[in-house]
Amino acid sequence: MKFAYRFSNLLGAVYRRGNLSFSRDGNCVISPVGNRVSVFDLKNNTSETFPISTTKNITCVGVSPDGSVAIVVDEDGAALLVSLITRAILHHFHFHTPVSSVRFSPDGRKFVVTKGNVALMYHAPGKRREFNAFVLDKSYYGPYDETTCIDWTDDSRCFAVGSKDMSTWVFGAERWSNLIYYSLGGHKDVVVGCFFHKDSLDLYTVSQDGTLCVWESDTQPDALVLTQSQDKDRTGEGQEDGEAEVIRGKPGVPKDQERKSVRYKLISKHFFNKDGDFNNLTAAAFHKPSHILVTGFASGIFHLHELPDFNLIHSLSLSDQRISSVAVNSSGDWIGFGCSGKGQLLVWEWQSESYVFKQQGHLNNMASLAYSPDGQYIVTGGDDGKVKVWNSTSGLCFVTFTEHVSSVSSVTFTSSGFVVVSASLDGTVRAFDLHRYRNFRTLTSPQPAQFSSLAVDVSGELVSAGAQDSFEIFLWSMQTGRLLEVLGGHESPVSCLCFSPVQSVLASASWDRTIRLWDMADSWQVKETLHLTSDALAVAYRPDGQQLAVATLNGEISFWNPHTATQTGSVSGRHDLETGRKDTDKVTAKQLAKGKSFTSLCYSADGESVLAGGLSKFVCIYNIREQLLVKKFEISSNLSFDAMEEFLDRRKMTEFGSLALVDDGDVDGDGVHISLPGVRRGDMSSRHFRPEIRVSSLRFSPTGRSWAATTTEGLLIYSLDGTMVFDPYDLDLDVTPLSIRQQLRRQEWASAIILAFRLNEKDLKQEVLETVPHDQIGVICASLPGVYVEKLLGFVAACLEKSSHLQFYMMWAQNLLMLHGHNLKNRSAAILPTLQALQKSIQTHFDSLSKLCDFNMYNIRYAAALSRQRGLKRAAEDDECLSEDMSEASSHTADLMIL
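Counting from 1, position 226 in the sequence shown corresponds to residue 226 in full-length UniProt numbering; the numbering is continuous, with no gaps.
Since the hints were made in silico from the structure, they are not lab data. Since this is a predicted model, take the numbers as computed values, not measurements. All clues stand as given, with none of them false.
Subject to a maximum C-alpha distance of 20 Å in a straight line, what follows is the list of computed SDA-like cross-link-like pairs (lysine to any residue):
hint	residue 1	residue 2
1	2	623
2	342	321
3	164	117
4	342	356
5	791	835
6	582	637
7	631	719
8	43	849
9	188	165
10	56	77
11	632	576
12	596	636
13	188	267
14	762	743
15	115	135
16	288	108
17	56	91
18	198	289
19	2	832
20	138	155
21	198	154
22	358	45
23	851	804
24	43	398
25	791	606
26	765	814
27	582	55
28	164	298
29	631	574
30	632	51
31	582	692
32	56	98
33	265	183
34	527	546
35	43	84
36	582	618
Input sequences plus hints: build the corresponding full structure.
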């Protein structure tokens, strides 16, 4: 159970390519991210990534009308039928060629897949379990070029298919006698979208050159008539089950059928590019009930038009990148936009003209990450020069700092958790305040230097950064921003820095095969020098400061005692990396692994194991005491990345060499230039460029319940799944759920709690704990043995995170800490992850409740001011009435005196 980490979430990437989809209720956006699918809940402001993955990047997603299942298709045509309720894979299928679009019929009985110039109609999978969930019904041949888009009529009787040959084909989903197929022209460029009018066969088509054609049909959907052969098929006299019917579009139609068949007429044509500047239309979506057409362009502009009058509602520019996908939710209020160039996902509410959701990942690779001390936030730095802070619970980014002008090499939190420090290759170290979201300190060196490593001491006062060009370590004061000292002595670039968590000692790793320990309390002198057998790439202190782990270039992880400067153990991890082969490599992955090593290290929260990763798709956890590999995680199975395959694919080999080398050759055909070692071929904007899979940084959560890794895919979160593992403690024959409930009936609370924790079943523990009367909590906590105090405290911390019984669980935590604090203090290293998990849960509830209290306080103030204002108004009205009565009484008195 201790290492039962499972994939939990994917942060740092919100959209890559493919089509966006909204859920049935319109509150969630389903977005393909690489070879995974993420769901963003716009109502609760959370994100979730499914634990499923395809073999290559996803190109299209089709969601059923009831929102229960989705069809996910990757670049090669491999499809998965996924349950959106259980997040499980129901069926595997392969279309064998790339698929351009998938669309379910509105009644949910069929779906159409377009690949090449063919449209294939399948029976949609039912609720019963079937051997073959995808049964081909008909194949439709009409377009001469690749198909691009699909749309169904509201009654699921017909569907339209757009193509790159500038034509749009209307097909009947059944064998109608007056509509088998119909071809529409009128465009001079690729058809991007085709949309049926609500409850009609009228059609709108949009092309890439910014042209909208409005087609009117002379037949209503109810006037479609079935052929006799179709009637026979329905009575069982037609073709056999599973046999696909082929419908081919032919130019010749009989004259008697021509008079009855459905006809289309082009009634109007509109143009988006009216100003003369040509702007490619790249995406389109149509909301039938409100007649709103949304179009996205290559310049990042989108338009909203009301059809059929083509009235422009409004226009807005999102960015300077092309809009890849557009989707409208069921109510028509929210519009989702995906920009693959920037990895951007936006949801726009067009009526109020405001953003509902706006997220963007790092443009380039992530270089570093760090957890906040309470584990609530994760900060990442990327090669695009941005520093992003993510909420680990919701999975969303809430602030982005863009002050750096070059790649961010390292990021970290200070001990307070409210300051983020980042080092960059632009020669600056910057400190950001998470209260006011500003860059309040900028630290620089006397001579320009590229900082490749960073460390902040426990007090948060000393900031150190290592330069990769001058081989020096710079030391600043966070409070004053002044440079305190320049530490020299290394003869090669400084690869990693790490402060001791218990004393003021800095460990620096360098390529000169040494680890130097600098004493910050004694004039910044070198305290010890540890000599290694290879270049040092990463160094990490154990949480108690009694051990150092060092990763070297020869693929080993060595463990050192920093006080005696002696090596206490080592692990050879070269073979555990299992590096994959690149397309351009001529040797096997086994030979390549001899030159690979770990580039990132991190201790677990209890200090008993170490997490390691490098230029590989694997992350390893080693037990330090036994010096053995405990578990290995495969962080990606996406073959769209380079260095994923282990063996040489002979199908990619030609007489001129590898196909990857042929594709990268010169256009004039003079020959293939093979790059020198260390040179990376491929331009980032080239279509042949394939990013290489790698792990750049690893960190354990302070609570020990999860760990994160910055990879080529994004920021991957792996967490413990305690519900799937049964891990009893000190089990006996008498420990059963029946005996535990008997103890509850006898009101033997302490005995019931001990038995429940020995059985160690979550639901049973929660039942026992919540049955205990609140006035008995203090007595029970005082009588518990010490071994059960830690287990109970950890369970309370886990329950407090999701439970609504805040005061009840807070009473348990308070009594446990007050009555057993002295014993827990003696085991501070072991109990630290539990305390940090408790602090994280309390802080989460504090943040949410403080916002709610502030909101209520403002409402109460407004209500009080409003009532006060009304009271004053009433008092003024009463005074006015009283003055009028007095004046009337005085006039009556005067009249009486006159009389």
